[in-house]
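Chain by chain, the residues run as shown.
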Amino acid sequence: MRVARIQKAEKPVNGEVPDLNLLNPLIEKYKGRKGNMIPLLQGAQNIYGYIPKQAFEKISADTGLSLSEMYGVATFYAQFRLKPVGKHIIKVCHGTACHVQNANSITDAIQDSLKIKDTETTEDGLFTLESVACLGCCSLAPVMMIGEDTFGKLTGKDAVKIIKEIRLKENRQEEK
Amino acid sequence: MSKTQVIVGLGSCGIAAGAGKTYNKIKALKEAENLDFELKKTSCVGMCYREPLVEIVDSTGTYLYGEIDEDRVFEIIDKHIVQGSPVKEYVVQSDLFKTPENEFLDEQVKIVLRNCGHMDPESIEEYQARQGYAAIRKIAGEQISGADVIQKVLDSGIRGRGGGGFPTGMKWRFAAGNPSDEKFIICNADEGDPGAFMDRSVLEGDPHSVLEGMIIGAYAIGATEGVIYCRAEYPLAIKRLNIALDQAREHGYLGKNILGIKGFNFDIHIKEGAGAFVCGEETALIASVEGERGMPRKRPPFPAASGLWRKPTNINNVETYANIPWIILNGPEAYAKYGTEKSKGTKVFALAGKIRRSGLVEVPMGITIRDVIFKLGGGIKDNKKFKAVQMGGPSGGCIPEYLADTIVDYDSVNATGAIMGSGGMVVMDETTCMIDVAKFFLDFTQKESCGKCTFCRIGTKRMLEILNRITEGEGRDGDIELLEELAYQIKDTSLCGLGQTAPNPVLTTIRYFRDEYEAHIYHKKCPAKVCKKLLTYEVDPEKCTGCTVCAKNCPTHAIDGDRKQIHFIRQDACIRCGECFSRCKFDAIKIY
Chain Z
1 MRVARIQKAE KPVNGEVPDL NLLNPLIEKY KGRKGNMIPL LQGAQNIYGY
51 IPKQAFEKIS ADTGLSLSEM YGVATFYAQF RLKPVGKHII KVCHGTACHV
101 QNANSITDAI QDSLKIKDTE TTEDGLFTLE SVACLGCCSL APVMMIGEDT
151 FGKLTGKDAV KIIKEIRLKE NRQEEK
Chain L
1 MSKTQVIVGL GSCGIAAGAG KTYNKIKALK EAENLDFELK KTSCVGMCYR
51 EPLVEIVDST GTYLYGEIDE DRVFEIIDKH IVQGSPVKEY VVQSDLFKTP
101 ENEFLDEQVK IVLRNCGHMD PESIEEYQAR QGYAAIRKIA GEQISGADVI
151 QKVLDSGIRG RGGGGFPTGM KWRFAAGNPS DEKFIICNAD EGDPGAFMDR
201 SVLEGDPHSV LEGMIIGAYA IGATEGVIYC RAEYPLAIKR LNIALDQARE
251 HGYLGKNILG IKGFNFDIHI KEGAGAFVCG EETALIASVE GERGMPRKRP
301 PFPAASGLWR KPTNINNVET YANIPWIILN GPEAYAKYGT EKSKGTKVFA
351 LAGKIRRSGL VEVPMGITIR DVIFKLGGGI KDNKKFKAVQ MGGPSGGCIP
401 EYLADTIVDY DSVNATGAIM GSGGMVVMDE TTCMIDVAKF FLDFTQKESC
451 GKCTFCRIGT KRMLEILNRI TEGEGRDGDI ELLEELAYQI KDTSLCGLGQ
501 TAPNPVLTTI RYFRDEYEAH IYHKKCPAKV CKKLLTYEVD PEKCTGCTVC
551 AKNCPTHAID GDRKQIHFIR QDACIRCGEC FSRCKFDAIK IY
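So the protein lines, in turn, are chains Z and L. Numbering-wise, UniProt numbering puts 8 at position 8 of the first sequence, and it's gapless, one number per residue. Numbering-wise, UniProt numbering puts 184 at position 184 of the second sequence, and it's gapless, one number per residue.
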C-alpha cells in the first residue's frame with residue numbers, strides 16, 4: 001500500500017482505443033451481482049494493466065453502475081491505476097523495517113537515475129516506480145521487487161545497477 | 001524405515017531469499033544423480049534471518065539447515081544424503097543436539113504456528129494428519145451445541161488478535177443472539193500495518209487452520225456464508241487459500257449439511273482487498289466487501305446486529321481463527337494456562353528492524369518485551385544500543401528502553417501509550433531518529449485517512465507539516481504543544497480506529513523522547529544524525545588524503561582543496577546532501 005494517490009487519467013497511449021470486447025466475459029460474470037464494482041474494476045485492470053476511460057464507460061453502460069461511483073471507488077483504493085504502466089514495475093518497500101534501514105535512499109537513487117518520480121513511468125515505457133508497504137521480507141530490508149524477483153539488503157547504488165542491467169537486456173533483445 | 005525427506009521452506013520470505021532456486025537445484029540434482037529421497041515443500045517456520053531453510057529428515061532424526069543457497073545445495077545433499085554425514089555447521093535446529101538457535105525456539109509456545117513450516121500447506125491430507133479438522137469433527141461427533149462452542153471460546157479467554165483485544169467469545173455470543181435468515185462470518189486478512197507479516201505467514205503456511213476456525217465460528221453463530229477479505233498484495237496466500245477451499249469442499253467440510261450436521265450449510269469465498277489501510281476497520285471492511293469506498297460507518301449498530309448487507313456479521317482476524325481449532329480440541333483450560341489474568345494464550349510477533357534475529361515468534365502472553373528482543377531476538381544488530389521498540393504499527397507507539405520490562409499483555413502495553421496491535425515489533429537503535437519515525441507513521445496514516453472525518457483528514461496533514469518543519473530545522477517554540485493539542489482533538493473527533501489512534505506514534509515519542517524534539521526545535525540538531533538538514537559535514541584533517549573525490553562530486557562546489565591537500569567544506573554553501581560522506585573512501589567526512 002502506501003502508494004501515493006493516483007493522478008487523473010490521461011489519454012490512452014498513442015491515442016489507441018483498447019479492445020473493449022475483452023471485457024465481455026468479465027461483465028457477463030459479474031453483471032447484476034451485488035458488491036460487483038470492485039471485482040469488475042480489478043478484472044478490467046488485470047486485462048489492460050490499468051483502467052482505460054473507455055472501459056469505465058463500457059462497464060457503466062453494460063451494468064448500469066454509475067460512472068461517478070466507479071470513479072470514486074477507483075480513486076479511493078491504491079490498487080487501481082488510471083494510466084498505463086511500464087513493462088517492469090519497480091516496487092520499493094517502505095514498510096517500517098525498510099524505512100528504519102533507509103528505504104528512502106533507494107527511492108531517491110532510482111528517481112535520480114530514471115528521471116521519474118514515484119508512481120511515474122519512464123518515457124520508453126520500460127519502468128514504473130512505485131512505493132509499497134511491507135513486502136514481508138523484513139529480514140532482508142531494505143528491499144525492492146521487480147516482477148517476481150525480490151532484491152534485498154540494497155543500497156541506492158545496487159538498486160540502480162540492477163535496473164541498468166534490466167535495461168541493457170531489454171535493449172539487446174530489441175536489437176535482435 | 002521410512003524414506004528420507006528433504007523439505008524446502010517456500011514462504012514469501014524464503015522465496016525472496018532464493019528458496020525457489022534452492023528447490024529447483026535440489027530437484028535437478030535428485031534427478032541427475034537418481035537419488036533416493038522425497039522432496040517436499042513447506043512454508044515459513046519463522047526463522048526469516050536464516051532463509052533459505054532446508055530440512056532433512058532421515059532415520060536418525062531431523063536436521064534443519066539454514067542459509068542454503070544454490071551454492072550450498074550440492075554440499076549438503078552430497079555429504080548428508082549420499083555420504084550419510086550431516087553438515088553440522090549449517091544446522092540451525094535438530095532434535096538430536098542443541099544449537100545457538102535454540103534460544104530463538106525454546107521460549108516459544110506454538111499454537112497459532114503449530115503447523116507452519118511443518119507441513120505442505122497445499123495438502124489437506126497433511127493437515128488432517130496433524131489433527132486438522134479434528135475439532136470440527138469432534139463438534140459433529142459429540143454433538144456439541146453452538147452455545148457450548150461459544151462457552152468454550154469464552155472460557156479460553158481469547159481476545160481479538162487483530163489488535164482491538166475484544167473478547168472473541170462475547171463477539172460470537174452477540175452475533176449468535178441476533179436471529180436472521182442469513183448471517184455472515186468474515187475473516188479480516190487485510191494485514192495493512194507496515195512491518196507486520198504474521199497473518200500472511202499463517203495464510204501461506206496453514207490456510208486450513210483458518211478455514212477450520214471460520215467453519216467452527218459459522219457453526220456457533222449460525223452463519224450461512226463466509227468471506228475472507230485478503231490483501232491483493234498477498235498473491236501466494238490467495239493461491240494457497242483457494243487450493244485449501246477446493247480441498248475443503250471436496251472433503252465435505254464446506255457445503256451442505258457439513259459432516260452430517262443437519263441444516264449446517266456454509267461456504268467461504270475470497271474477496272481481494274484493493275489496497276486501503278482503513279479497510280482493516282470492520283465497518284470500512286464491510287463497505288469494501290459491498291463494493292463501495294472503504295469508509296467506516298457509525299457504530300452502533302455493531303456488525304453483530306447489522307453488518308454485511310445489513311445482516312448479523314462476525315468479523316475476526318486470521319490469527320484469532322487459527323487459534324480456535326486448537327482451543328476446541330485441547331480445551332479452554334489448556335489455552336488459559338498460558339498468559340496473564342486478563343490476556344490468555346499466546347501472541348505471534350513479527351520481529352524486524354535493528355534486531356539480530358528477525359522473523360516470526362509465538363510467545364505466551366506475560367513474557368517481557370526485553371525477553372522477546374534479547375532472548376529470542378538475540379539483541380540489537382551490530383552491537384548498537386537498544387533505544388525503543390515500536391508496537392502496533394501506525395496505531396501504536398514507541399516503547400523506550402527503560403520500559404522494556406513491560407509484559408506483553410493488552411492492558412500493560414496500552415498503559416505505555418502503545419497498543420498490542422496485530423503483532424508488529426520493530427526494534428530501533430541509537431541511529432534511529434524518533435521524530436523521523438513519528439513522521440513516517442503520520443505520513444502513512446495521513447495518506448490512508450479515508451477523508452470522512454474532518455479532524456482526521458486535515459488534522460493529520462497539519463501534524464505532518466509541523467513534523468516536517470521540525471525535521472528540516474524550521475521548528476518553533478510551541479510546536480510540541482501544538483502537536484499535542486491537535487493529537488487530542490483528532491483522537492476525540494474521529495469516527496473510527498484509524499483517526500482515534502493515528503496520533504499515537506507522535507504522542508508516545510513526545511512522551512518518552514521529548515528531549516529529542518527539543519534538540520531539533522531549539523538546538524537545530526538531530527541526535528541520531530538522521531535528519532539531513534540538521535547535520536554539519538566536516539572534513540577530518542587526520543584522515544583526508546586529498547583525493548579530491550568529494551570536491552568533484554559536490555553538487556554545490558562547497559568543498560575546497562587541491563590534490564593531496566586537506567580539503568575543507570564551506571558551511572554556507574553546503575546543502576547537506578551527504579554526497580561527500582557516501583563518496584569518501586577514507587572515512588574522512590565527519591557528521592556532527
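Because the hints were derived from the structure by calculation, they are not lab data. Only a predicted model underlies this, so the values are computations on that prediction, with no experimental measurement involved. Fair warning: there could be bad hints in the mix.
Straight-line Cα separation of at most 25 Å, PhoX-like style, residue types lysine-lysine; simulated pairs [as the list claims (entries may be wrong)]:
1. L:529 x Z:157
2. Z:157 x L:585
3. Z:83 x Z:115
4. L:298 x Z:34
5. Z:115 x L:552
6. L:138 x L:298
7. Z:117 x L:533
8. Z:29 x L:256
9. Z:153 x L:21
10. L:239 x L:21
11. Z:34 x L:311
Evaluated hints:
1. Straight-line distance between C-alpha atoms of residue 529 (chain L) and residue 157 (chain Z) comes to about 21 Å, which keeps the hinted pair within the 25 Å bound.
2. Distance restraint check for residue 157 (chain Z) and residue 585 (chain L): the Cα-Cα separation of roughly 15 Å lies within the 25 Å cut-off, and the hinted pair is therefore satisfied.
3. At roughly 18 Å between alpha-carbon atoms, residue 83 (chain Z) and residue 115 (chain Z) fall within 25 Å of each other, so this suggested pair holds.
4. Distance hint between residue 298 (chain L) and residue 34 (chain Z) is fulfilled; the C-alpha atoms sit about 22 Å from each other, no more than 25 Å.
5. Of the supplied pair hints, the one linking residue 115 (chain Z) and residue 552 (chain L) holds, its CA atoms being roughly 22 Å apart against a limit of 25 Å.
6. A C-alpha spacing of about 39 Å is found between residue 138 (chain L) and residue 298 (chain L), which places the hinted pair above 25 Å, so the restraint is violated.
7. At roughly 21 Å between alpha-carbon atoms, residue 117 (chain Z) and residue 533 (chain L) fall within 25 Å of each other, so this suggested pair holds.
8. Simply put, residue 29 (chain Z) and residue 256 (chain L) have alpha-carbon atoms about 24 Å apart, close enough for the 25 Å limit, and the pair holds.
9. The suggested pairing of residue 153 (chain Z) with residue 21 (chain L) holds, with an alpha-carbon distance near 18 Å, which does not exceed 25 Å.
10. Between the alpha carbons of residue 239 (chain L) and residue 21 (chain L) the distance comes to roughly 20 Å, so the proposed pair stays at or under 25 Å and holds.
11. Restraint check for residue 34 (chain Z) and residue 311 (chain L): the C-alpha separation of about 14 Å stays at or below 25 Å, so the hint holds.
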